[in-house]
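Undergrad: What follows is each chain in one-letter form.
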Amino acid sequence: MANIASTSASAGSDLTARALRESVFAGLITLGLFVLFVGLKTDQNIRNELILTERWGLLAIFVITAMVGRFLMVAYVQPRLAQRKAAKAAAPEIAKEENFFSRNFSIIAIVALILYPPVILALTGVQGSLKWVDNFGVQILIYVMLAWGLNIVVGLAGLLDLGYVAFYAVGAYSYALLSTYFGLSFWVLLPVAGLLSACWGLVLGFPVLRLRGDYLAIVTLAFGEIIRLVLINWTEVTKGTFGVSGIAKATLFGIKFDASKDGFAALMGLPISSAYYKIFLFYLILGLCMLTAFVTIRMRRMPIGRAWEALREDEIACKSLGINTVTTKLTAFAMGAMFGGIAGSFFAVRQGFVSPESFVFLESAVILAIVVLGGMGSLTGIAIAAIVMIGGTEILRELTFLKAVFGPNFTPELYRMLIFGLAMVVVMVWKPRGFVGSREPTAFLRERKAVSGSFTKEGHG
Amino acid sequence: MALETTTMTMTQDPILKVEHLSMRFGGLMAINDFSFEAHRGEITALIGPNGAGKTTVFNCITGFYKPTMGMITMKQRSGKEYLLERLPDFEITKHAKVARTFQNIRMFSGMTVLENLLVAQHNKLMLASGYTVLGLIGFPAYRQAAKEATELAKHWLEKASLIDRADDPAGDLPYGAQRRLEIARAMCTEPELLCLDEPAAGLNPRESHALNELLQSIRRDTGTSILLIEHDMSVVMEISDHVVVLEYGQKISDGTPDFVKNDPKVIAAYLGVEDEEVEQVIEQIEQIEGGQGGTKQ
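Taken in order, these protein sequences are the chains called A and B.
Positions in the first sequence are counted from 1; adding 2 to them yields the numbering used here.
Positions in the second sequence are counted from 1; adding 28 to them yields the numbering used here.
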């Protein structure tokens, strides 16, 4: 007993000694690093002469912070972490009892989304709800749909596509141009835009069939730029950088959402407001998202979906099993493109205006980031990632209270990208496989066990 | 020797006929005018020292390489013939019914064992799902086909004694089990000819014994012919009916395991001889070749 106590006491003093030693080292390194950066500063005096300002106090704060930080790290934080790890390893693995929430997650999420507009309407009033339904709801759901579409190409088939926004653009312009030139309705053009985009998916697919990995990524990137440049320069049809404006709105069974006598508001006896149209759009994009999810889930359980995933895992083995990798890849491109196109035509009807500026490479990058952040192949993870990324950037616009903290010149929007980038780095360090890294098997004999992310491959294009 | 092989093939029904196969990589002649036949319902072993070109022959047969010269004919039970060197790689499995495994195992490691076997039945299921369209709208024929596919997968899982691991990721299996899974997966394509590239590599004696039994039961129960590359002589000598020996891309011996085992050329080339024995062996070879009538001198 006494023996154990003495060893632990000596271990404790050992630890303190080590922590002290390391903190001194850390202090010396900090001193060396910052003595010229912080300790001395060149300045101009009143006679425009260069003088040296000494800031030893500031330097001392730097050094002391480093020393204290290192001491606490070594003496307290590291042993605590090691202890926790040991405890975790020693504890027997408890079978995780799935609670009601995690079992019925998707149903709860869908019900919550359906109830979202009325709740917001009740909370914030008709005009107040505009922002919450449109900026948050519709905006996020567009990205959810885009990311779910890209997920088919990148997450399931493992083909890295950096030009996905091209299909979004094709869909948006299909609706904008066909409706302005031929006056076709939204409901006719929605599937048409999907089909046209799918065709462009095939057009992209053919030349890149032989390419893999980085090479594939570069060609798809170029493809996205080609589409954008065509939209800019083909001015007779697309009106170039001016974009197409005055795009017809969608109707609900022929009922228009406007201030006219037979408009939606008048028919329902509601006060005239644009909020109803936004709520209609919210349910529309929610329905489109559900369609995307339904098709994706269904397809994963079909031979084509399994072939996509097998293609991601090992293309050569696929060939040896008699799978036509050419058609498999092309269907993945076409399916992904189709959902991108449908989302695009929705985007056009929502904005009422499209211009090539909406389809820059950054959009592709954001969509791809959502897929990677969410966990490739996982619909739930991707939806969460879309909420975090798009909702997060929108929330930053709202943080006006920060002006009170940092002064009136502080604009949180300017820090959006910085915070956004930092958050992504943190998430990728914490969860390298994305929010949901494991994979749900598509068939099982006895029990459905999630496949750990360490076994699945990212694909090589 | 030549006479003996011809009489043997005359009496039997060849499933695979490789004639004058040559494969050139730049200046390297990997295979040079190589001909052999594999017979229906037999286990044919292709052996040879490292770098002899065995895997290249396999890659030519299964379409991963296009041979520089030569003809590879696959004759199915129905009498239909396919020229494998003219088919694209995936059609060799799909139409000609030749399946293969790989020397370095190629699993779909992130998919479960069962899913691996379902992927192998892709073409059948694709047809049943009406190329996805009918399956997507919930056509009952697909559900039936999927059930049958699972049954077939279960059958092969039991054969390969992997049924307990059916819902585990393939990448989580130990090495020997992955080898068996690869064979089971190839069998799920319902091939007539199964090509195995070193199936016993890295297996311990117990596992390679189990492999022997698996291969023999495949041949016995399904009538599938097997062509295998193998270094493990305990496997080759025990299960194969017919052995072809390859060295530097050329055939040096062809016959029953016993015949090949005692062929001095094979002993010299493949099994290796002690330095002092080399002359002795060469003498033996000369004696034999002299005895054959000196046609080769």
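Keep in mind the hints are simulated off the structure, nothing from the lab.
Possibly wrong hints are sitting among the right ones.
[As the list claims (entries may be wrong)] Straight-line C-alpha distance at most 25 Å; calculated SDA-like pairs for lysine to any residue:
1) Lys133(A) with Gly393(A)
2) Lys94(B) with Gln131(B)
3) Lys451(A) with Ala205(B)
4) Lys122(B) with Ala445(A)
5) Lys94(B) with Gly393(A)
6) Lys152(B) with Ala445(A)
Undergrad: Does each hint hold? Answer for all of them.
TA: Hint by hint, here is what the structure shows:
{"no.": "1", "hint": "Lys133(A) with Gly393(A)", "in the structure": "holds, 12 Å"}
{"no.": "2", "hint": "Lys94(B) with Gln131(B)", "in the structure": "holds, 19 Å"}
{"no.": "3", "hint": "Lys451(A) with Ala205(B)", "in the structure": "holds, 19 Å"}
{"no.": "4", "hint": "Lys122(B) with Ala445(A)", "in the structure": "holds, 23 Å"}
{"no.": "5", "hint": "Lys94(B) with Gly393(A)", "in the structure": "violated, 54 Å"}
{"no.": "6", "hint": "Lys152(B) with Ala445(A)", "in the structure": "holds, 17 Å"}
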